[in-house]
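Chain B: place on chain A using the hints.
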Amino acid sequence: MIRDLDGKCPSGALADRWAKYKAEAKLVGPINRRKYEVIIVGTGLAGSSAASTLAEQGYKVKAFCFHGSARRAHSIAAQGGINAAKNYQNDNASIFRLYYDTIKGGDFRSRESNTYRLAEVSANIIDQAVAQGVPFAREYGGTLANRTFGGVLVSRTFYAAGQTGQQLLLGAYSGLMRQVDCGQVEMHTMRDMLDVIVVDGKARGIVTRNLVTGELETHLADAVLLCTGGYSNVYFLSTNAMKSNVTATWRAARRGAYFSNPCYTQIHPTCIPAHGDHQSKLTLMSESLRNSGRVWVPAAPGDTRAPSQIPESERDYYLERKYPTFGNMVPRDVASRNAKYACDEGKSVVPGQRAVYLDFKDAIARDGRDSVEERYGNLFHMYQKITGQNPYERPMQIYPAPHYTMGGLWVDYNLMSNIPGLFVLGEANFSDHGANRLGASALMQGLADGYFVIPYTLAGYLAGEQFEPVSPSDHAVTGTLEETRERIDGLVTCGGSRSADSFHRDLGLKMLDEVGMSRTKAGLEGTVEHIRNLRAEFKENLNVPGSADGLNPELEKALRVADFLEFAEVMTLDALTREESCGGHFREEYQTDGGEAKRDDENFTHVAAWEYRGESEAPIRHQEQLEFTEVMPSQRSYK
Amino acid sequence: MSQTISLKLRVWRQNGPDDAGRFENFDLADVPTDLSFLEMLDMLNEQILQAGGDPIVFDHDCREGICGSCGFMIDGQAHGPERGTTVCQLHMRHYQNGDTVVLEPWRATAFPIFKDLMVDRSAFDAIQQAGGYISVNCGNAPDANSVPVGKEEASDAFESAVCVGCGACVASCKNASASLFTGAKINHLANLPQGRPEAARRAIRMVETMEDRGFGACSNTLECEAACPKEISIKVIQKMNREYLFAKLTHPTD
Chain A
885 MIRDLDGKCP SGALADRWAK YKAEAKLVGP INRRKYEVII VGTGLAGSSA ASTLAEQGYK
945 VKAFCFHGSA RRAHSIAAQG GINAAKNYQN DNASIFRLYY DTIKGGDFRS RESNTYRLAE
1005 VSANIIDQAV AQGVPFAREY GGTLANRTFG GVLVSRTFYA AGQTGQQLLL GAYSGLMRQV
1065 DCGQVEMHTM RDMLDVIVVD GKARGIVTRN LVTGELETHL ADAVLLCTGG YSNVYFLSTN
1125 AMKSNVTATW RAARRGAYFS NPCYTQIHPT CIPAHGDHQS KLTLMSESLR NSGRVWVPAA
1185 PGDTRAPSQI PESERDYYLE RKYPTFGNMV PRDVASRNAK YACDEGKSVV PGQRAVYLDF
1245 KDAIARDGRD SVEERYGNLF HMYQKITGQN PYERPMQIYP APHYTMGGLW VDYNLMSNIP
1305 GLFVLGEANF SDHGANRLGA SALMQGLADG YFVIPYTLAG YLAGEQFEPV SPSDHAVTGT
1365 LEETRERIDG LVTCGGSRSA DSFHRDLGLK MLDEVGMSRT KAGLEGTVEH IRNLRAEFKE
1425 NLNVPGSADG LNPELEKALR VADFLEFAEV MTLDALTREE SCGGHFREEY QTDGGEAKRD
1485 DENFTHVAAW EYRGESEAPI RHQEQLEFTE VMPSQRSYK
Chain B
960 MSQTISLKLR VWRQNGPDDA GRFENFDLAD VPTDLSFLEM LDMLNEQILQ AGGDPIVFDH
1020 DCREGICGSC GFMIDGQAHG PERGTTVCQL HMRHYQNGDT VVLEPWRATA FPIFKDLMVD
1080 RSAFDAIQQA GGYISVNCGN APDANSVPVG KEEASDAFES AVCVGCGACV ASCKNASASL
1140 FTGAKINHLA NLPQGRPEAA RRAIRMVETM EDRGFGACSN TLECEAACPK EISIKVIQKM
1200 NREYLFAKLT HPTD
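Chains A and B, in that order, give the protein sequences. In this text, residue positions in the first sequence follow the working numbering: the first is 885, and each later residue adds one. In this text, residue positions in the second sequence follow the working numbering: the first is 960, and each later residue adds one.
Isolated chain A, as found in the complex (with noise of 0.2 Å):
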């Protein structure tokens, strides 16, 4: 263990930092802001945010994304809402409280300089997107209206209806598009990174392959900036979209940079449970129905009566028994860990399966059906047309799902990795939400990195540095190229006869299992050696059919693939070495009497960072110690 790491906050009172940083940063005057170029990886709400700032700023920008479209990265699926500290229903909200329950919620591992200047630039983020013409959710008046979400005592979360993330990345996609227009940004759809470039120990350039042609390429620049999301892919099934992916931020790991606390993974209380053995992927129902739906089970096990056979006093609404303060709006972590119990009691309401009810009867009854249809109506829609089941009718029976990783590449104040140049945004880091991601900040983080945080500090890093041009023909940059060529030539060339998905799930299922919501040192230990086979296997034995000279999406999964399978033993080697249990990170060998996380604040209160070493050398575990100034580390309550 090296206790090595300065995340370079600024000092003094937590609510001055980011103003005292601001006042001695270094600037890029506008004349000379279009000298420099700057690469943007991932076009979600992150990477399309900073992409439309920069480029208004006056920095030439080269834009990057695997889809079709900019539009179509995942942040588009986010439901729920976004945080904001507006205090517009008077109820008390404030950056202090903000910032607090975000802290709290992360169970005491995040860092306290980042999380409070999260709190600070929120408000701004809600200003930015109604002036681009985001269709919030609106009051008769005409003011925002707002709603509550788990782990929080107060309203300030702002919605359209539920399809939050759309709108918000259509507010950031129709920036970045004004600035295609206006010739500030080239933007290069159809392409996949296979690589980060490192010339004289900063980050100059990406390797990309062009999915339509094949062709694999180099782009050169003064900055680079990951904005590629998160690794929940890792597990199967996950709730994020089929092609979302570690390669990004693993790549540049491989290259260097450190990546911070893989083991922390938010495994989402309310989806529609798994069925069957040719699922692509499982289907999220947004917190905010825990706003009007009531979690129960029957109090009996075994107990096959249709729900509304079961009266009242054979029910166990288990969250409002344990946590009579916070009820059905406990965070996420809590939430999911208690469906587990509840299922492992054998009360699960699908015979053979896991699943609890989320019940809106006494919504409807109270509020009537056309206020609940307003407010969820296309998710109740959408929970139909998936389930073939109607909600107002009968509750809906959900499960926990991976869906969110608060773990990412280590990143300072400045959001730069320990690569110079190499900046990363969005769910990509790991900073802002600790143990565990409070509902409607993941929103709140990628729109806060790229409109309110990145303009400063990549203006502070370009202006101290120099930067001599980097030719095309350099080593570093040749060399990277072929790497990535015989990395994809080795893989079409295997022969195998397994296809790259049936390694995914192999792999996914383990990790499910044993570093999932619970995980236990034995488990662990068993979940390396099989990682190791696993990987030995798909280097012989993996199918990828046709060429490398074309569109292959089986190409494009067998990539994906080959780095989640290095990339999950890191995850798991984190979560083996972190010996407490904190937020989604739950060590059975570590709780309280009530079965809630007991963390070990002597020995854990920092940040791991890994260090690749090599594909035959064990990685180097370095640590950040986390300091707490305004709120002290206590025993979460929920009570």
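These are computed hints drawn from the structure, not numbers from a lab. It should be emphasised that the depicted structure is a prediction, and the values quoted were computed from it without experimental measurement. All C-beta atoms in this analysis are idealised placements derived from N, C-alpha and C, irrespective of residue type, glycine included. Do not take every clue at face value.
[Unchecked claim] Chain A side only, calculated, beta carbon under 10 Å to chain B, not exhaustive:
1) Arg955
2) Ala968
3) Lys970
4) Tyr972
5) Gln1012
6) Tyr1024
7) Gly1055
8) Thr1123
9) Met1266
10) Pro1339
11) Pro1429
For chain B alone, coordinates are given in the frame of chain A:
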């Protein structure tokens, strides 16, 4: 409980924009009826892969009906037989044992074929780039509640903003018109006070870019509305025409 059915599939195969293309037939047995349509295609592709063939290429990603990646013709209908549904949200419980199902890509000059059922819809991005935005730099915005927007205007804007850009409207129109898509984008911004300052210029540029990119004129047959997975009303086309006409009268030189 889930049942299983067997299907005959007739699938359009085409190696790129210059290939002539042809139908290929497949038999697929034991399809659980609780699978989605794309999961059924995953099953077929695994079968093709095991037999040493070339899997069918189709676009997809979120499989929740929101990213707009998926979409092809199923038995001549964009996204298949269910109203208000993307292909990824269509489930096999709507099919019977022994059914023959025909799959074809979106067919439109403005959407060249990448491969099989996957097409290039970058023309939609080009329309969006032609003014499908509000020109506000980050940092300029006033407080979000400083400009009240009536609930009705906000709802009207939202009902247009739900467009996922899938292209079903184009594929279902006999003229391959993008009027529903473009109308939705124009109407979303034109309904909001912050979108008004650029409304005239936006309408002119977006409509003319749509024409330049090879989309046809509105056929007035309402097929687009029937095919739209987000059930966007053709009222947005009327509003687009009104915005465009008014803009041409007031900004004749634009």
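Next on the checklist: Hint by hint, where does the structure go against what was stated? Just the numbers, ascending.
Outcome noted: Per hint list: zero violations.
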